[in-house]
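**Q** Chains as they are written, first to last, in my numbering: chain C, 1 to 114; chain P, 115 to 220.
If you're looking for bench data, these hints aren't it; they were derived computationally from the structure.
Please note: incorrect hints may appear among the correct ones.
[As the list claims (entries may be wrong)] In silico contact screen, one side only, chain P against chain C (beta carbon under 10 angstroms); selected entries:
id, residue
1, Leu129
2, Asp131
3, Gln152
4, Ser157
5, Pro158
6, Tyr163
7, Phe176
8, Arg180
9, Asp184
10, Glu195
11, Phe211
12, Gly212
[Said to hold, decoys possible] No more than 25 angstroms apart at the CA atoms, straight line, and that leaves these computed lysine-lysine pairs for DSS-like:
id, chain 1, residue 1, chain 2, residue 2
13, C, Lys23, C, Lys74
14, P, Lys220, C, Lys65
15, P, Lys207, C, Lys67
16, C, Lys74, C, Lys13
17, C, Lys23, P, Lys216
18, C, Lys19, P, Lys216
19, C, Lys23, P, Lys156
[What the hints assert, rightly or not] The following label-pair restraints were derived from C-beta to C-beta distances:
id, chain 1, residue 1, chain 2, residue 2, range
20, P, Ser179, C, Gly44, 43 to 49 angstroms
21, P, Ser140, C, Ser55, 38 to 44 angstroms
22, P, Gly144, C, Gly56, 25 to 31 angstroms
23, C, Thr16, P, Ser174, 18 to 24 angstroms
24, P, Ser128, C, Ser75, 49 to 55 angstroms
25, C, Thr16, P, Ser194, 41 to 47 angstroms
26, C, Gly44, P, Gly182, 22 to 28 angstroms
27, C, Ser25, P, Ser121, 36 to 42 angstroms
28, C, Gln5, P, Gly171, 18 to 24 angstroms
29, C, Ser113, P, Ser140, 15 to 21 angstroms
30, C, Gly54, P, Thr119, 30 to 36 angstroms
31, C, Ser114, P, Thr188, 45 to 51 angstroms
If you're wondering where the values come from, they're calculated on a predicted model, not measured in any experiment.
Every residue gets a Cβ at the ideal spot worked out from N, C-alpha and C, and that includes glycine.
Below, each chain spelled out in residue letters.
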Amino acid sequence: QVQLQQSGAELVKPGTSVKLSCKASGYTFTSNHMNWIKQTTGQGLEWIGIINPGSGGTSYNVKFKGKATLTVDKSSSTAFMQLSSLTPEDSAVYYCVRDWFAYWGQGTLVTVSS
Amino acid sequence: DIQMTQSPSSLSASLGDRVTITCRASQDIGNYLSWFQQKPGKSPRLMIYGATNLEDGVPSRFSGSRSGSDYSLTISSLESEDTAIYYCLQYDKYRTFGGGTKLELK
Numbered sequence: 001q002v003q004l005q006q007s008g009a010e011l012v013k014p015g016t017s018v019k020l021s022c023k024a025s026g027y028t029f030t031s032n033h034m035n036w037i038k039q040t041t042g043q044g045l046e047w048i049g050i051i052n053p054g055s056g057g058t059s060y061n062v063k064f065k066g067k068a069t070l071t072v073d074k075s076s077s078t079a080f081m082q083l084s085s086l087t088p089e090d091s092a093v094y095y096c097v098r099d100w101f102a103y104w105g106q107g108t109l110v111t112v113s114s
Numbered sequence: 115d116i117q118m119t120q121s122p123s124s125l126s127a128s129l130g131d132r133v134t135i136t137c138r139a140s141q142d143i144g145n146y147l148s149w150f151q152q153k154p155g156k157s158p159r160l161m162i163y164g165a166t167n168l169e170d171g172v173p174s175r176f177s178g179s180r181s182g183s184d185y186s187l188t189i190s191s192l193e194s195e196d197t198a199i200y201y202c203l204q205y206d207k208y209r210t211f212g213g214g215t216k217l218e219l220k
């Protein structure tokens with residue numbers, strides 16, 4: 001069965017970067033694009049961007065350009081998202097989601113605090 | 115960018131009620147519209163895709179429809195387990211979520 005296993009919670013300091021991972025299993029990793037979604041506590045869902053694991057091609061929500069960088073490692077069927085220049089406003093749960101949104105990871109909580 | 119305006123933002127209904135949630139797209143998205151249910155502490159669950167198609171395992175009391183640029187999620191007879199936050203998503207051009215609707219029992 002399809003599974004997306006995300007990395008554990010992160011507590012990071014303002015101004016630093018963090019790299020989240022999402023390991024896919026149960027399907028051919030390069031067959032489906034991978035989305036990343038942000039959800040702040042008590043708030044809605046924001047689409048960050050999407051990556052084609054086969055080509056590495058990406059598209060981003062303009063709001064997250066320069067903030068998020070999406071990559072993949074095909075050899076381990078893992079997608080990554082790096083968030084840079086972190087501020088408290090980046091504190092949220094981040095999900096990886098296989099297109100077309102039937103399969104979601106369990107989410108990774110990122111807390112940005114000094 | 116495509117904007118998705120979801121209404122209402124919150125809704126209180128009784129068991130057995132018919133409930134409808136709506137999303138309006140700022141431009142044509144065809145039928146590239148999905149609906150999700152999210153319960154506290156859980157990842158969202160796909161309920162409807164292609165505006166009207168029920169995802170496997172979703173109870174038949176859920177349905178989706180379209181009228182022009184308005185897309186609706188309807189629960190024909192509300193059950194207690196349906197209390198959740200519901201989101202729409204357009205996936206015609208990039209992806210955009212609606213703002214969410216919190217559905218509670220009256």
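**Q** For the pair supplied as a hint, Lys23 (chain C) and Lys216 (chain P), confirm whether the alpha-carbon distance does not exceed 25 angstroms.
**A** Status violated; Cα separation ~31 angstroms.
**Q** Would the hint linking Lys207 (chain P) and Lys67 (chain C) be met if the CA-CA limit is 25 angstroms?
**A** holds, 21 angstroms
**Q** Would the hint on Asp184 (chain P) stand, with a C-beta cut-off of 10 angstroms toward chain C?
**A** violated, 19 angstroms
**Q** Min Cβ distance, Phe211 (chain P) to chain C: is it shorter than 10 angstroms?
**A** holds, 4 angstroms
**Q** For a C-alpha distance cap of 25 angstroms, please report whether Lys220 (chain P) and Lys65 (chain C) respect it.
**A** violated, 42 angstroms
**Q** Please verify whether Lys74 (chain C) and Lys13 (chain C) have alpha carbons no more than 25 angstroms apart.
**A** Violated: Lys74 (chain C) and Lys13 (chain C) sit about 30 angstroms apart, past 25 angstroms.
**Q** Let's test the interface hint: is any C-beta of chain C closer than 10 angstroms to that of Asp131 (chain P)?
**A** violated, 24 angstroms
**Q** Please check whether Ser140 (chain P) and Ser55 (chain C) have a Cβ separation lying inside 38 to 44 angstroms.
**A** violated, 30 angstroms
**Q** Tell me if the beta carbons of Ser113 (chain C) and Ser140 (chain P) are separated by a distance inside 15 to 21 angstroms.
**A** Since Ser113 (chain C) and Ser140 (chain P) have Cβ atoms about 36 angstroms apart, the given range 15 to 21 angstroms is violated.
**Q** Hint check: Lys19 (chain C) vs Lys216 (chain P), CA-CA at most 25 angstroms. Holds or violated?
**A** Between Lys19 (chain C) and Lys216 (chain P) the Cα gap is close to 32 angstroms, so the pair fails against 25 angstroms, i.e. violated.
**Q** Quick check on the hint: Gln152 (chain P) CB to chain C CB, less than 10 angstroms?
**A** holds, 8 angstroms
**Q** Honestly, do Gly54 (chain C) and Thr119 (chain P) meet the 30 to 36 angstroms range at C-beta?
**A** holds, 34 angstroms
The structure does not agree with the numbered hints 1, 2, 7, 8, 9, 10, 14, 16, 17, 18, 20, 21, 23, 29 stated previously, though it agrees with the rest.
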